[in-house]
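> What follows is each chain in one-letter form.
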Amino acid sequence: MTLSQPEFAFVSTLVRKEASIVLAPGKEYLVEARLIPVARAVGAANVNEFLAELQRRPNPAHQRKIIDALTTNETSWFRDREPFAALTDVILPELIKSRATTRKVRFWSGASSSGQEAYSLAITLQEALPSGWNYEIVGTDISTEMVKRAETAEYSQVEVNRGLPASQLVQYFERAGAHWRVTSQLRKNVSFKLMNLTAPLPAMQPFDVIFMRNVLIYFDVATKRTVLQNVAKLLRPDGWLFLGAAETTIGIDDNYERVAAGRTSAYRVRTGVPAGASRRG
Amino acid sequence: MRAMVIDDSRAMRMILKRIVTKLNFDAVEAGDGQEALDLLADMPEVPELALIDWNMPNMNGLEFVTNVRADPRLREMTLVMVTTESEQSQIVRALAAGAHEYVIKPFTEGAMIEKLALLGLVPTGANS
Amino acid sequence: MSVEVEVNENDLAEMVEQVWESYLDPEGINPLIPTYDENQPSEVHSSVSISGSWTGHIVYACSIEAARRAAAAFLAMEPDEVSQEDLSDVLGELANIVGGNVKAMLPPGAFLSLPQVVLAPESTARFPNTERISGVYGIWDGEPVSISMWHSRADNNQEDGA
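Taken in order, these protein sequences are the chains called A, B and C.
According to the working numbering, the first sequence is numbered sequentially starting from 1.
According to the working numbering, the second sequence is numbered sequentially starting from 1.
According to the working numbering, the third sequence is numbered sequentially starting from 1.
Honestly, I wouldn't trust all of these hints.
Short derived list, chain C residues pointing at chain A, Cβ under 8 Å [said to hold, decoys possible]:
#: 1; residue: E14
#: 2; residue: M15
#: 3; residue: E21
#: 4; residue: N101
#: 5; residue: A104
Below, simulated DSBU-like cross-link-like pairs (lysine-lysine); rule was C-alpha separation at most 35 Å, straight line [claimed, not checked]:
#: 6; chain 1: A; residue 1: K27; chain 2: B; residue 2: K22
#: 7; chain 1: B; residue 1: K22; chain 2: A; residue 2: K17
#: 8; chain 1: A; residue 1: K17; chain 2: A; residue 2: K233
#: 9; chain 1: A; residue 1: K233; chain 2: A; residue 2: K193
#: 10; chain 1: A; residue 1: K148; chain 2: A; residue 2: K188
#: 11; chain 1: A; residue 1: K97; chain 2: A; residue 2: K193
#: 12; chain 1: A; residue 1: K188; chain 2: A; residue 2: K233
#: 13; chain 1: A; residue 1: K17; chain 2: A; residue 2: K193
#: 14; chain 1: B; residue 1: K17; chain 2: A; residue 2: K27
No wet-lab data here; the hints were simulated from the structure.
Using N, Cα and C, we set each Cβ at its ideal position, and we do this for glycine too.
Pulled out of the complex, with its shape left as it was, chain A reads as follows:
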């Protein structure tokens, strides 16, 4: 049972709109092969039924699964590099001054998937913070399975090849059979929990830096606004928010302003405006 033209059109529109990825016609077999496990995982009888249901009732979580299944780049270490360079070059030097009394920073990886981003942040902090400082990283994801995987902190040979410098592989990982496991030195500072960003967020201590990249692209404007307002409440007034390269708060939530951070940009809550006080939502 292959994908029909309208089914393929539906999927290719979705990934073009949400992930800027163009699926050329003729890739129907590939799309179907990738979606079979997704359909199975959500309890649909087959891919056709899965897509029909999604067209009847849009479901952001299921849309995200499709995009994840059809994109291959989501599991790199230090993905996109620039935000991590901005941390080392600009943001951490600033935080080291402003948090000199508590000597502690808190980071949030707000769509932590299998954990590479959270552990990449841990490596960055481990290397950049002066001795005597502490850091805490919280990774959250909407998938129970991903939260479990990230907690296990084990990665295959193919996974550790992706964007991770060899010097850091040998320093921060150890062999665990066929896998590589993040060392306890990093793991003890990183925790993961299940969280749906579109629902009211649980009480958490605010964060100095939030990485929430390639999450908003899956939502409509109203939901984007809700997520950004929720996030603002958890961002320290002088904290930093990183979005994906194709994402912005501009035109969605004016409480944020875009600021330069190294060779990329980040977002900060405007001074004088209480966090989450937008009148638009």
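Since the structure of chain A is provided, determine the placement of chains B and C on it from the hints.
What follows is chains B and C alone, placed relative to chain A:
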């Protein structure tokens, strides 16, 4: 830019050549470390990059790296081990000998490009 | 028995999956489907030997057609363009890749040989005094492929100079 692909497997050389050619390198092949050193001796310009297998006849990749590091003329060459040797201790040995990066086989094309990007050898945005 | 060796079928299967993802099936549409048939036929095979802290062989065996398709995938050519040299080279590299990764899971002080390729069916006669300790047997694109690990019974503690 020029890249040298050093592996006793012709199939692996083909794969590596395909990737570096995509990144606009001219590729030169060698089947072992000694052959690579001989070729380098005759080249007027030193390649910017070498992708080096570990286990090869005549001269293995680690010996090649050691030789290159001892030769001031070859100082600018970026050395990337591409090997099935995947013990932590082996990676440490190769880095200590002077390799700049280390890619474990099997690797995907994307992974290889990302590693070269880490070394500043890929124009940004060129990962297809 | 090889109590100290912790390379099980799952580890082997995962390595095989990574080889497929990297070279033989990058689009993820044509995996090796397990048959669990230890006696499935082969027409060609390649192997690497491991010595030192552990002694044995890693064997990649398949049909000629599967070898041809593997070579075509590696070399980015059509299966009917594949020469016998291409086929041998790719079979050797496949054994080398799996063998190298197995070696990394063995106790320190193991050494990997260069690959050997035999364009004839896999036969236990080639690996005397060994026993199979683990293997992945499957069908790839309708053709038999297996990867197995054989431990030398006469594991006579060779000295190795690392």
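> For each hint, tell me whether it holds in the structure or not.
Going down the list of hints, with the structure as the test:
{"no.": "1", "hint": "E14", "in the structure": "holds, 5 Å"}
{"no.": "2", "hint": "M15", "in the structure": "holds, 6 Å"}
{"no.": "3", "hint": "E21", "in the structure": "holds, 6 Å"}
{"no.": "4", "hint": "N101", "in the structure": "holds, 6 Å"}
{"no.": "5", "hint": "A104", "in the structure": "holds, 7 Å"}
{"no.": "6", "hint": "K27(A) / K22(B)", "in the structure": "holds, 22 Å"}
{"no.": "7", "hint": "K22(B) / K17(A)", "in the structure": "holds, 28 Å"}
{"no.": "8", "hint": "K17(A) / K233(A)", "in the structure": "holds, 29 Å"}
{"no.": "9", "hint": "K233(A) / K193(A)", "in the structure": "holds, 18 Å"}
{"no.": "10", "hint": "K148(A) / K188(A)", "in the structure": "holds, 15 Å"}
{"no.": "11", "hint": "K97(A) / K193(A)", "in the structure": "holds, 30 Å"}
{"no.": "12", "hint": "K188(A) / K233(A)", "in the structure": "holds, 26 Å"}
{"no.": "13", "hint": "K17(A) / K193(A)", "in the structure": "holds, 29 Å"}
{"no.": "14", "hint": "K17(B) / K27(A)", "in the structure": "holds, 27 Å"}
The structure fails none of the hints (numbered hints given earlier).
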